[in-house]
Amino acid sequence: MKLKTIVKGAALAVSASVAMSAWAADTIKVGVLHSLSGTMAISETTLKDTVLMMIEEQNKKGGLLGKQLEPVVVDPASNWPLFAEKTRELLTQEEVDVIFGCWTSVSRKSVLPVIEELNGLLFYPVQYEGEESSKNVFYTGAAPNQQAIPAVDYLMNDLEVERWVLAGTDYVYPRTTNKILEAYLMDKGVASDDIMINYTPFGHSDWQSIIADIKKFGSEGKKTAVVSTINGDANVPFYKELGNQGISAEDIPVVAFSVGEEELSGFDTEPLVGHLAAWNYFQSVESSANEDFIAQWKAFAGEDRVTNDPMEATYIGFNLWAKAVEAAGTTDVDTVEQTIIGMSTPNLTGGTATMGANHHLTKPVLIGEIQDDGQFEVVWETDGEVAGDAWSDFLPESKPLIADWTDPVKCGNYNTETGTCSGQNY
Amino acid sequence: MIPITTLSRALRNCLLILCLGLSFVSADDERFQALALELTTVKLAQTQPVLEKIAETEHPVLLQLFQTMVEGDLYYHDETLELLSVERIDGEYVIKNLLSGEVLPIDRDITTKIRVNNRLRVWLRGAIAQIQLTADDASARLAAVRSLLERYDDDSIELLLSLRADEPNTKVRSAMDTVLAMNTAENSADTGARVASIERLSDSLEPDVRNLLVELSYETDAPVVAAEAQRALERIEGRVNFFGHVDTLFFGLSLGSVLLLASIGLAITFGVMGVINMAHGEMIMLGAYTTYVVQLLMPNHIDASLWVAIPAAFLVSGAFGVLIERGVIQFLHGRPLETLLATFGISLILQQLVRTIFSPLNRQVDTPSWMSGQFEINPVLFVTLNRFYIFVFALLVFAALVLVLSKTNLGLHVRAVSQNRQMAKAMGIRTARVDALTFGLGSGIAGIAGVALSQLTNVGPNLGQSYIIDSFMVVVFGGVGNLFGTLVAAFTLGIANKVFEPVTGAVLASILVLVFIILFIQKRPKGLFPQKGRAAE
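Chains as they are written, first to last, in this note's numbering: chain A, 1 to 426; chain B, 1 to 537.
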């Protein structure tokens, strides 16, 4: 009697869940996890729009696997713990098949445990500090060896810089990047007296004394440059103060890793002409793919909008995912993850982006100078693409580590000396 | 009838004279034209050699060419390939022929920019300085001479020596002497002359002089020179350190004036009226957005826009203030907790309102030309103009507010109501109206602060949030209800922050200031200048 009820109940539950999945099968859900408010909204809102544009475009082509794509947009509000909560919501309540999201590394670190526990799939589209490779994350932005190291090489070799100011916002990306850069500069024979490191809080607005310090540091006879990992809207007062204190790019060039076309659209770039940025894409790059992308973006978001590097990374990530889902015939995370590795898709600068076994892309490295119209003029670039390196070769503790998600290694932090995987997932 | 042969001969002679005359003018001109043409086709990396050749022609238009190029205004016509200068004046592009200066009525679309990079700019500035050494304008000559401090060679020294005698301007002459002294100190064979030059240099604060002296102080071949350089260096270092402290003081005053502006409105709504107004930051934000809207409405008069924005921001924020007071706060008198929550809710509503109307992205507020740049007191001491004006502005606003509160009828009523509401009511003061006006005044002043802050920081929906904590800190530290306390507290905190910052870094400096205030409030809960008398209770 009792057994019967249980069986009945179970049958009911099963049929209900079948019905549920049949209903859910009408669309493929794509989670969008970008801050639409708070200090990072300036950068992240654009990426939300990019994903929406890509989804719309894909749906026009008939969607994927015969189903339409359905965006699920949430707002983690530049609040790092909220990123984890929203990820859980996306994966358990909304049951999305893939997430495009995060900008700052703290937000990504906050999402990691959740996405690994629930076996989700995240495409992270921003340049970052490396030292990480998760089975559940694809890093479509630059690793340090695809942005920071080439930029420093350019300053050292082409501009003959001898003194270095490493200025950044106080969180994990600038701290780790600066640690790698410091080790790299020391390795190249720069004395520790010739390196000045400075951290400021998010949204810092009073730069007077820091800029004065930089000016003093730069006036001591050796060619000086600032390597800026300042993030978010603190950049506007930083550059304003630079202009006001009369520091021109000829005296002390600033090379920024987080300032792109979008950030520059917030202010008058006349006093900043000649300062540099290192990215893997600039809107000004001439290629037919880029022209199409810009036209598409302007039609979608407005004539006065600009494109930038994280948008290209989102574009590549989305295309790779769509291609992998088509090839695998399923959105199952484990299958898609294995299918993407080794897959290629055209990037917007006229080359190809190939996903490596360490979940990082191959990318060209470009250095651009800011122009008075808010665009960048490319002054230097690598020959061809550089493969992303998850673990830096310049930090002693991560030198022996590699990430390889293919058989037989299948590990994000495999130690080549001891032949072991630390067991930590990321 | 004139015979044909005569006519043709006359024509031939005429042409000959014309040609001769032309070639006479354009011996260098032709070469210049050819090189200018080359400039339109050459790759960025090969531009410098072309420019060097152009400099050799010593063509009269050289200076203008280089200056236009360094500003990034040098273009060429897509079809005729003539060089153009394209300048943006009041939002309109003015396109001129570089050689003739004639304004051309052509579209910017058929012109192409001649690109420059940092390397070229450095070279161009050097070349401009060489030409400017003989310029008519004294400040241009001074800049030219000062650019020689960094790198001089035998040629430029020789040129300086010849120019030195006829130089009418004392400032330029003294700069020339500095360069000459540097050259002697570095290169002369005569030790006595070197020592004398070093002594002369010990008055200079130029960074390049200091760098030279550092080099000389390690010179082992001439111990006398090294010792003298060491002595001069110590003297310079002493003065540089002194000016460094002056600089820190200025930075502190400037930060203090920002804090003063941000908190002075709160000193009225919270200090005088006792309303815990969490929406104060949003009043600042509204002021900043008003500036943005004003600039949108008058895009061709950015320099004058702030004068319109200040009263406009006062009215907009003030109106919002009156609205909030009439709509919400008046019903919550004497219930601080509810007021806090209600005003916090209002602040979120206002933020979202701005986000919906203007987008979550920051808006660009332009800086008027008279507020950009800096004023140089000496080579190590600068005052940035925007900070300086904001400092003066903060003091003016403060003075105006004190006057309003102490000299006007409204001020009298405000003080009466804040000290004893019942008694004021009994004397026939319409307390409800006074409350609304006071709140409006405090909010309006916050709006004015927003105009000033729009020149320093991001204009975005979160602008207010970043100042609300600082504002409360200043008011509580200064003593609630005391305007002068707010003034002293703002400057104290500003200077303390800037004194700590070079030692501890920006993050730790703000933590230290916060800890200091917590300890201070433990000791003196009523702040620096507590209100005295019966009214205080």
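These are computed hints drawn from the structure, not numbers from a lab. Be a bit skeptical, because a hint or two may be false.
To be verified - Subject to a maximum C-alpha distance of 30 angstroms in a straight line, what follows is the list of computed DSSO-like cross-link-like pairs (lysine-lysine):
(1) A:Lys223 / B:Lys96
(2) A:Lys216 / A:Lys410
(3) A:Lys399 / A:Lys188
(4) B:Lys526 / A:Lys223
(5) A:Lys223 / B:Lys407
(6) A:Lys222 / B:Lys171
Said to hold, decoys possible - Examples of chain B residues toward chain A, derived with CB under 8 angstroms:
(7) Gly72
(8) Pro207
(9) Val224
(10) Ala227
(11) Gln230
(12) Glu234
(13) Arg235
(14) Glu237
(15) Ser369
(16) Leu456
(17) Thr504
Stated by the list, open to error - Restraint-style ranges between C-beta atoms, simulated for each label pair:
(18) B:Leu296 / A:Ala295: 38 to 44 angstroms
(19) A:Glu303 / B:Pro168: 31 to 37 angstroms
(20) A:Lys222 / B:Leu159: 56 to 62 angstroms
(21) B:Ser359 / A:Gly384: 52 to 58 angstroms
(22) B:Gln364 / A:Met343: 51 to 57 angstroms
(23) B:Pro299 / A:Ala295: 23 to 29 angstroms
All values reported here derive from a predicted model rather than from experimental measurement. Just so it is clear, CB atoms sit at the ideal spot from N, CA and C, and this is done for glycine as well.
Going down the list of hints, with the structure as the test:
no.: 1; hint: A:Lys223 / B:Lys96; in the structure: violated (37 angstroms)
no.: 2; hint: A:Lys216 / A:Lys410; in the structure: violated (50 angstroms)
no.: 3; hint: A:Lys399 / A:Lys188; in the structure: holds (17 angstroms)
no.: 4; hint: B:Lys526 / A:Lys223; in the structure: violated (52 angstroms)
no.: 5; hint: A:Lys223 / B:Lys407; in the structure: violated (58 angstroms)
no.: 6; hint: A:Lys222 / B:Lys171; in the structure: holds (27 angstroms)
no.: 7; hint: Gly72; in the structure: holds (5 angstroms)
no.: 8; hint: Pro207; in the structure: holds (4 angstroms)
no.: 9; hint: Val224; in the structure: violated (23 angstroms)
no.: 10; hint: Ala227; in the structure: violated (21 angstroms)
no.: 11; hint: Gln230; in the structure: violated (17 angstroms)
no.: 12; hint: Glu234; in the structure: violated (16 angstroms)
no.: 13; hint: Arg235; in the structure: violated (18 angstroms)
no.: 14; hint: Glu237; in the structure: violated (12 angstroms)
no.: 15; hint: Ser369; in the structure: violated (11 angstroms)
no.: 16; hint: Leu456; in the structure: holds (6 angstroms)
no.: 17; hint: Thr504; in the structure: violated (11 angstroms)
no.: 18; hint: B:Leu296 / A:Ala295: 38 to 44 angstroms; in the structure: violated (27 angstroms)
no.: 19; hint: A:Glu303 / B:Pro168: 31 to 37 angstroms; in the structure: violated (55 angstroms)
no.: 20; hint: A:Lys222 / B:Leu159: 56 to 62 angstroms; in the structure: violated (27 angstroms)
no.: 21; hint: B:Ser359 / A:Gly384: 52 to 58 angstroms; in the structure: violated (39 angstroms)
no.: 22; hint: B:Gln364 / A:Met343: 51 to 57 angstroms; in the structure: violated (40 angstroms)
no.: 23; hint: B:Pro299 / A:Ala295: 23 to 29 angstroms; in the structure: holds (27 angstroms)
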